[in-house]
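Protein sequences, first through last, are from chains R and E. FYI, the numbering for the first sequence is 1 to 734, going by the UniProt record's numbering. FYI, the numbering for the second sequence is 1 to 734, going by the UniProt record's numbering.
To be clear, the hints were calculated from the coordinates, so they are not data collected in a lab. Owing to the predicted nature of the structure, the values given are computational and were not obtained by experimental measurement. One or more of the hints may lead you astray.
[Claimed, not checked] Distance condition first, Cα-Cα at most 30 Å in a straight line; then the derived DSBU-like pairs of lysine-lysine:
| hint | chain 1 | residue 1 | chain 2 | residue 2 |
| --- | --- | --- | --- | --- |
| 1 | E | K51 | E | K23 |
| 2 | E | K582 | R | K674 |
| 3 | R | K684 | R | K674 |
| 4 | E | K684 | R | K690 |
| 5 | R | K690 | E | K205 |
| 6 | R | K582 | E | K674 |
| 7 | R | K372 | E | K615 |
| 8 | E | K582 | R | K690 |
| 9 | R | K674 | R | K205 |
| 10 | R | K115 | R | K36 |
| 11 | E | K684 | R | K205 |
| 12 | E | K55 | E | K582 |
| 13 | R | K603 | R | K51 |
| 14 | E | K690 | E | K372 |
| 15 | R | K372 | E | K674 |
[Claimed, not checked] Listed next, the stretches of chain R that the computed footprint assigns to chain E, with coverage defined by at least 3 CB atoms under 8 Å from CB atoms of chain E:
| hint | segment |
| --- | --- |
| 16 | 397–404 |
| 17 | 420–427 |
| 18 | 499–509 |
| 19 | 641–651 |
[Claimed, not checked] Cβ pair distances, simulated, as ranges:
| hint | chain 1 | residue 1 | chain 2 | residue 2 | range |
| --- | --- | --- | --- | --- | --- |
| 20 | R | K467 | E | G209 | 38 to 46 Å |
| 21 | E | S686 | R | N310 | 49 to 57 Å |
| 22 | R | S686 | E | S686 | 17 to 25 Å |
| 23 | E | S686 | R | G466 | 36 to 44 Å |
| 24 | R | F411 | E | R516 | 29 to 37 Å |
| 25 | E | T37 | R | S686 | 37 to 45 Å |
| 26 | E | M333 | R | R516 | 39 to 47 Å |
Don't be surprised by glycine CBs; every beta carbon is placed ideally from N, CA and C.
Protein chains: 2
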Amino acid sequence: MNYFYLVPVASLFALGFAYYFFKKMMKESEGTEQMKTIAKYVREGAMSYLKQQYKVVALVFVILAAFFSVMAYFGLQNNWVPFAFLTGGFFSALAGFFGMKTATYASARTANAAKESLNKGLQVAFRSGAVMGLVVVGLALLDISLWYLILDRFVESAEPGHKLVMITTTMLTFGMGASTQALFARVGGGIYTKAADVGADLVGKVEAGIPEDDPRNPATIADNVGDNVGDVAGMGADLYESYCGSILATAALGASAFVLNPAMQAKAVFAPMIIAAIGVFLSILGIFLVRTSENADMKRLMSALNRGVNVSAILIAVLTFVIFYLLGFENWMGLSFSVISGLLAGIVIGQGTEYFTSHSYRPTRRIAESGKTGPATVIISGMGAGMISTFIPVVTIALAILFSYLCATGFDVRQMMSGENLSMGLYGIGIAAVGMLSTLGITLATDAYGPIADNAGGNAEMCGLGKEVRKRTDALDALGNTTAATGKGFAIGSAALTALALLASYIEEIKIGMLRLGQTVLEFADGRGAVEIGKAGFADFMNYYQVTLMNPKVLVGVFIGSMMAFLFCGLTMNAVGRAAQKMVEEVRRQFREIAGILDGNGKPDYARCVAISTKGAQREMLLPSLLAIIIPIVTGVVLGVPGVMGLLVGGLGSGFVLAVFMANSGGAWDNAKKYIEEGNLGGKGSDVHKATVVGDTVGDPFKDTSGPSLNILIKLMSMVSIVMAGLTVAWSLL
Amino acid sequence: MNYFYLVPVASLFALGFAYYFFKKMMKESEGTEQMKTIAKYVREGAMSYLKQQYKVVALVFVILAAFFSVMAYFGLQNNWVPFAFLTGGFFSALAGFFGMKTATYASARTANAAKESLNKGLQVAFRSGAVMGLVVVGLALLDISLWYLILDRFVESAEPGHKLVMITTTMLTFGMGASTQALFARVGGGIYTKAADVGADLVGKVEAGIPEDDPRNPATIADNVGDNVGDVAGMGADLYESYCGSILATAALGASAFVLNPAMQAKAVFAPMIIAAIGVFLSILGIFLVRTSENADMKRLMSALNRGVNVSAILIAVLTFVIFYLLGFENWMGLSFSVISGLLAGIVIGQGTEYFTSHSYRPTRRIAESGKTGPATVIISGMGAGMISTFIPVVTIALAILFSYLCATGFDVRQMMSGENLSMGLYGIGIAAVGMLSTLGITLATDAYGPIADNAGGNAEMCGLGKEVRKRTDALDALGNTTAATGKGFAIGSAALTALALLASYIEEIKIGMLRLGQTVLEFADGRGAVEIGKAGFADFMNYYQVTLMNPKVLVGVFIGSMMAFLFCGLTMNAVGRAAQKMVEEVRRQFREIAGILDGNGKPDYARCVAISTKGAQREMLLPSLLAIIIPIVTGVVLGVPGVMGLLVGGLGSGFVLAVFMANSGGAWDNAKKYIEEGNLGGKGSDVHKATVVGDTVGDPFKDTSGPSLNILIKLMSMVSIVMAGLTVAWSLL
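If we strip away everything but chain R, and leave its shape as in the complex, we get (with noise of 0.2 Å):
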C-alpha cells in the first residue's frame, strides 16, 4: 500500500510541472497586435467549439449516467459505477481543454520566437506541448488515485481477493467515460478539422491557387481552429483514455490473476499504477533534455528531441527490473521483459510507419512518382502501400503478444493455457501496454508540438512574417511529424494490446455479474459436473458459454464486429466528405460575391466558415458514436456473451489493421505531396503535384478522423460490453 502513494504525487508532479511550464509559456511575448488579434480569433473559435462539444456530449454523458443508475438500481451494477464513467469523462474532457487552452495560447507566442530562431521556436513550442503531455498523465493518475482510495474504504467484500477484484472492475468504467469522451472528441474534432482543412485547400489551393493559411481565404481561420479542436484536444482525449485504459485494464487483470494470493495481488494491482508513476518523473526529465545550443540547425533538434524520448524510454526499461524486484514478483524478470517486448514492438511500429510514411523512403515516393499519371495511380498507390504497411504493425504486435504473454508465464510452452498460466499471461500482455505508454508525457509532447508549431505557421502567414518565419515553423512542424510516428506507433499499439486484457475483464465482469444475481455454479453438461464461480478460470467460463470458433454466435460476433470498424469509417468519411462540400460551396461563394476578396480589399467572412464546420461536426459526431456503444448492447441482449466475444474480437482484428492501413495511407499522401513540394518532380504548380493535392486531400479523413478514432472505438466498445455484462447476464438468465 506505501509503494500506492508514489501514483498520487507523481499525478501532483506532473501538474505541478504542466502549470509550471504553461506559467513559463505564457510570458513569452505574442509579437505584434496583428498576432495577438489573428490569435484570439483562433482561440475564441476552439473554446466556442469546444463549449458547444461539451453541451452536446454533457447530453449523451447525462442520459448514459442514469441508465447505469437504473442497472444500478436493478442489482445490474454497483452504485459507483454512474460516478465512475461521469468522472471519466469530464477528466478526459479536462485533459482536452488545457492542452487546448495551452495550444491556442502558444502558436503566436512560437511565431514570435521563431523570429528570433529556429532553437527558441522549437522552446516555446516544445514546452507547450509538455503541458499538454503532463497534464493527461496528471490527471489520469489522480482519478485514478482518488477512485482507488475512495473504493478501498468503502467497498466491502466477504471473500478474500474478491474486493480488489470489484474495485478494479468498477473503475474500469471511468475508462467507459474517458473512452466515450474521447470518441466524440476525436470523431467530432475530427470532422471539424477536415471539413475546414478540405475545403480551404479544395477552393484556395487548388482552384484560386493561393498559398495555405493566407489570409484571403475565407476558411483559413475555421482551418487552424481544427488543428487546435482535432488535433490538440481530440488527441489528448483520446490518450487520456489510452493511458487510463491501459493501466486500469491491466489492473483488473493483476487483481484476477492473483485472487488467490491476497499477499501479491494489491502489487500486482499497483504494478502497473508504479510503473506509470516512474515514467511521469522520467518523462519530466527526458522534457528537460529536450535542449540545444542556441543557433542549432535541424539535425542537432532532431537529437535534442530524441534524446529526450530515448532517455526516459532506457531508463523506464531499466527501472521496470527495479520496481517488479522490489514488490517481490517471483517471476520479476519476465514481467520486466513483457514491459520491454511492449516498448519494443511500440518502436518497431513507429520506425515502420516512419518507412511506409516519410518521403525519404521508396514507398512515399513511388506514391509521388505514380503523379506522373494523374490523381487516380496516387490513390490507387497510396492505398496499396497503406493496405502493405498494415504487416509491420501486425506481426509485431502478434510477436509482442506472444512474447508478453510467454515472458509473464515463465515459457511454459506446453502449459500456457493452463488456468493460472492463462491469467499471468494476460496479465504480462496488460502491462506490456502500461510499458509502451509509461512515458506518454513525453511522447505525447513530441506529438502535441506539432500542431502548435503549424499553428503557429499559420499565424505567420496570415500576418506576414515573412519567409524565414515561415519556414522555421515549417521545420519544426516537419521535426514533429518524425517523432509522431514513434508516438502514433505507441498509440496505436497499445490500443491492440489494451483491447485483449479487456476481452479477460470481460470475462470477469460476467462472472461478478452472476455472483451478483446469485448463480453461484457453472453446471457443465458433458461430465465435468460443477465448477464454483468463485473458483473458476478463464477457461471454465469459455466453455460454459461455448465460446469456440466453431459457435455460430461467436463467428456471427465476429462478422458484426468487422463490419463495425468498416460501418464507423465509412460514416466518419462521409460526415467529412458532405461537411467539407458545403464549406467548399461556402469559400466559393465569398470568392464570388464578396468584391476584391482575392486582390486583398474584401474582408471574408471567417466566422461564417467557423460556424460551418462546427455545425456540421456537431450533426455528424453522433450517429457513429452511439453506434459505438448501441451495437455492443443489442449484440449482448440478442447473442448473449459468446456474441459480444465474437464482436469484440471481429472488431479488434479488422479494426486494427483497418486503423494502421488508414493512417499510413494518409500520412503517406501527405509526404507525397510535401515531396512534390520540395521541387522534386516538377514542384508546385505542376500537374504532378495538383495529383498528389489530391491524395493529401482524401488522405486528410484517412489519417485525421476515421482512422484514429477506430483505436477509440475498438476499446469502446469493450469497455461498453464491460459496463453492460451485468445486463447480458441477467438477459441470458430470463
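With chain R held as given, fit chain E onto it using these hints.
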C-alpha cells in the same frame, strides 16, 4: 446410391446443352471482314495470355503436387490427394478456357446481331453466357461424380461411417486445386484487365479526349483482351471454385454430422449434389425462358432475363422440400428452410448491392454530385458509401447463418451447441450455401453475358458500326450489370457461408490426421478424462486444442488473418497501379512517336500494349497468390490448430467485409461516372465528369481485381489449412 446418378446425368446434360448453345452461336455471322479481324486480334491475344498464364500456374501446381506426394509418402495425407488436387486445377482451368473461347467467338457475332435488333443481340450474347454457366456447373458435377465413383471403389475403412468421411475430405483437395487455379486466374486476369483499362482510360479518355474503345488508342485491344481474360476466364474459374467448394464442404459436413447413422449418411453426402443437379435442369429451363418478342424494348428484355432467373430460383426452393422429403430426412422441413434462407440471403445481398451501386438511387447520385468539388471528394464519398454499404450483406449473412443453423437443428435454442446439434447446424449452413449457388447455371449466364456485350461494343466501335449498334450493346451491358448485381450477391454470400462450413471440415481433417498418426484418444487435463477420437465431436476438439477466444494463439491468428486480407489487396492494387503506369507511359509514347496516330493515319502498336499487360500480370500475380498458400502453412507450423482457426476466422471476417466494401465502392464509382455521361450535372467532358472518371479509375482494381479475389483468398486459405492439417498435427506432436 441410386439418387446419386442424377449428378453425372445432370453434368452431361449441362455439357450437352453448353455444346448446343455454342454450336448455335457459331452459326451466326461474324459480320464484316474488319469485324472478324478485330475479333481475331482479341481472341489471339486472349488465348496467348491464357497459354502463358497456364504455363506459370502449371509450374506452381507441379510443385504443390510434388509436395503433397511427399506428405502422402510420410503418411501425413492419403495417396489420392495429389491427383485430386491436380484435377481440380485442371477442370477449373478448363471452365475458364471454354468460357473464354466462347466469349471471344461471340463478341463480333453479338455486335453483328445487334445491328439487326436489341433482342437479337441479347439472344446471341446471353446464349453465349449460358455456355459459360453450363460449362462451369457441368464440369464441376463431372469432377465430383468421377472422384466420388473412384474413391467409393478404392477407399476402404474398417469403421462404419468412416469411409464417407474419408471420401468427402479427400474430395476437398480438389476444391483446393480449383481454388488455387481460381486465385491465379482472378488475380492475373484482374491485373491484366485493369492495367489495360486504367491505362487506356487515363491517356485515351482523360488526356487525348478520344472515346472508349477508339481504334486510335493503342491500349484498346489489350483492354478488350482484358475483359475476356479477367471478367470471363477469371470469373469462370472463380465460380467453378465457389460451386465445387460449397458442394464439397457440405458433403463433408454431411458425412460427419451423420457419422453414427450410416443409413442417412450417404444421403446427407448426396443431398447437396442432388440439389445442385436439380438446379442444373432448372437452369437450362430458365435459359430457354429468356426470350421475348422481336421488337422488345429494354424493359421487356429485363423482364425476360428476370423471368429466367426467378423461375429457376422459385422452382429450386419448392423442389428442395421434395428432395429432402424423398431422401427421408427426419427434419426435411428444417433443412429445406435452410436452403431457402440461403437463397433469400443471396437475393437480399444482391438488392442491397443494387441500391448502393446503381445510379437510380441516392448513394451513387451523391457520389456523382460530390464531383462538383473535384476528384478528392468523389473518392472520399465513394469510399464512405462503400464502407457503409457493408452493413446489408453482413447483417443478412448473420441472419442467414443463425437461421439456417437453427432450422437444421429444429430451433433448439437452449441446446444449439450440443455435439449433435453443432454438426447438424453447420450442415444447415453449408446447405444454405449450396442453395444459393444451386441455380448457378443461369445466374452465371446473366453475369457472363455482360462482358460479351461489352466486347461486342468494343468491336462495334473499332469497326465503326455506328452509334445505334453501340447504343444497343451498351444497353445490353447495362442490363447485364443489374442482373450481375444479384449474381455477385450470390457469389459473395456463398463464399462466407462456405468458408464457415470449411472451418468444420478443417477440424474433421485434424481428426483424421490424428488417427492416421496413431493418436486414438483426446486427453483432457481438467478432470473430464479422455474421449475416443472416433467418437469426439467438434466441441471436444475445440476444448482439446483450446481454440477459445482467450487463447493468445487464436488472437494472434485473428490479427494475421485480418492482415492477410489487407496485404493481399494492397499487393494486387499496387500491381495494377504499376502495370497501369507502364501502360500509360507506352500509350503516351506511341501518341508522341507514331506520326498521325491521333488523326487515324498512323497505326498504333497494339501488340506492344498486349505484351505489357501480359508481362505485368504474370510477374505480379505470383507473390499475392503464393502468400495465400504459404501463410496458412506457416501459421499451422508455428501456432498450431488454434492459430490456424484464428487465421481463418480473422481472414473471413475482415476479408468478407473488405470484399463487399471494395466491390461496392468500385461499382458505385463506375455508375456515378455513367450517370454523368448520361447528361446529368454537366455531362461528358465537364469538370464533374473528369472528377468521376478519377473515381471510376480507382474503382477498377477495387471491383475487378482486389475485391473479387478476396472471396477466393478466404476459401483458399481454408482449403490449404485442410489439406495441410496432417502436417500441423504431426508438427504439434514433435
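Each hint tested on the structure:
For the proposed pair K51(E) and K23(E), the alpha carbon gap of about 24 Å is at most 30 Å, so the pair holds. Restraint check for K582(E) and K674(R): satisfied, since their Cα atoms lie roughly 24 Å apart, inside the 30 Å limit. A hinted pair counts as satisfied when its Cα atoms are at most 30 Å apart, and K684(R) with K674(R) qualifies at roughly 9 Å. For a cut-off of 30 Å, the pair hint linking K684(E) to K690(R) stands: about 22 Å separates their Cα positions.
Of the pairs offered as hints, the one joining K690(R) and K205(E) holds, with about 19 Å between alpha carbons and a cut-off of 30 Å not exceeded. The straight-line distance between the Cα atoms of K582(R) and K674(E) is roughly 25 Å, inside the 30 Å bound, and the hint therefore holds. Simply put, K372(R) and K615(E) have alpha-carbon atoms about 22 Å apart, close enough for the 30 Å limit, and the pair holds. With a CA separation close to 21 Å, the supplied pair K582(E) and K690(R) stays within the 30 Å bound.
Proposed proximity of K674(R) and K205(R) is supported: the alpha carbons are some 14 Å apart, at most 30 Å. With a C-alpha separation of about 15 Å, the suggested pair K115(R) and K36(R) falls inside the 30 Å cut-off, and the hint holds. The straight-line distance between the Cα atoms of K684(E) and K205(R) is roughly 26 Å, inside the 30 Å bound, and the hint therefore holds. In summary, the hint linking K55(E) to K582(E) is supported, as the alpha carbons are separated by about 24 Å, within the 30 Å threshold.
A hinted pair counts as satisfied when its Cα atoms are at most 30 Å apart, and K603(R) with K51(R) qualifies at roughly 27 Å. About 10 Å separates the Cα atoms of K690(E) and K372(E), which keeps this hinted pair within 30 Å; it holds. In summary, the hint linking K372(R) to K674(E) is supported, as the alpha carbons are separated by about 26 Å, within the 30 Å threshold. Closer than 8 Å: that is the beta-carbon criterion, and the segment 397–404 of chain R has 4 residues meeting it against chain E, so the requirement of 3 holds.
Under the rule that three or more residues need a Cβ within less than 8 Å of chain E, the assignment of the segment 420–427 of chain R holds, with 3 such residues. For the segment 499–509 of chain R, the stated coverage by chain E is satisfied: 4 residues place a CB nearer than 8 Å to a CB of that chain, which reaches the threshold of 3. Chain E is given as covering the segment 641–651 of chain R, and this holds because 4 residues of the stretch bring a CB closer than 8 Å to a CB of that chain, at least three being needed. At roughly 40 Å, the beta carbons of K467(R) and G209(E) sit within the given window of 38 to 46 Å.
Distance hint check for S686(E) and N310(R): the Cβ-Cβ separation is about 55 Å, which falls inside the suggested range of 49 to 57 Å. As the Cβ distance of S686(R) to S686(E) is approximately 24 Å, the hint placing it in 17 to 25 Å holds. Between S686(E) and G466(R) the beta carbon distance is about 41 Å. The supplied range of 36 to 44 Å therefore holds. Taking 29 to 37 Å as the suggested C-beta distance range, the pair F411(R) and R516(E) conforms, at roughly 31 Å.
Restraint check, T37(E) to S686(R): a C-beta distance of roughly 42 Å satisfies the suggested window 37 to 45 Å. Separated by about 42 Å at the C-beta atoms, M333(E) and R516(R) satisfy the suggested range of 39 to 47 Å.
When each numbered hint is compared with the structure, no violation occurs for any of them.
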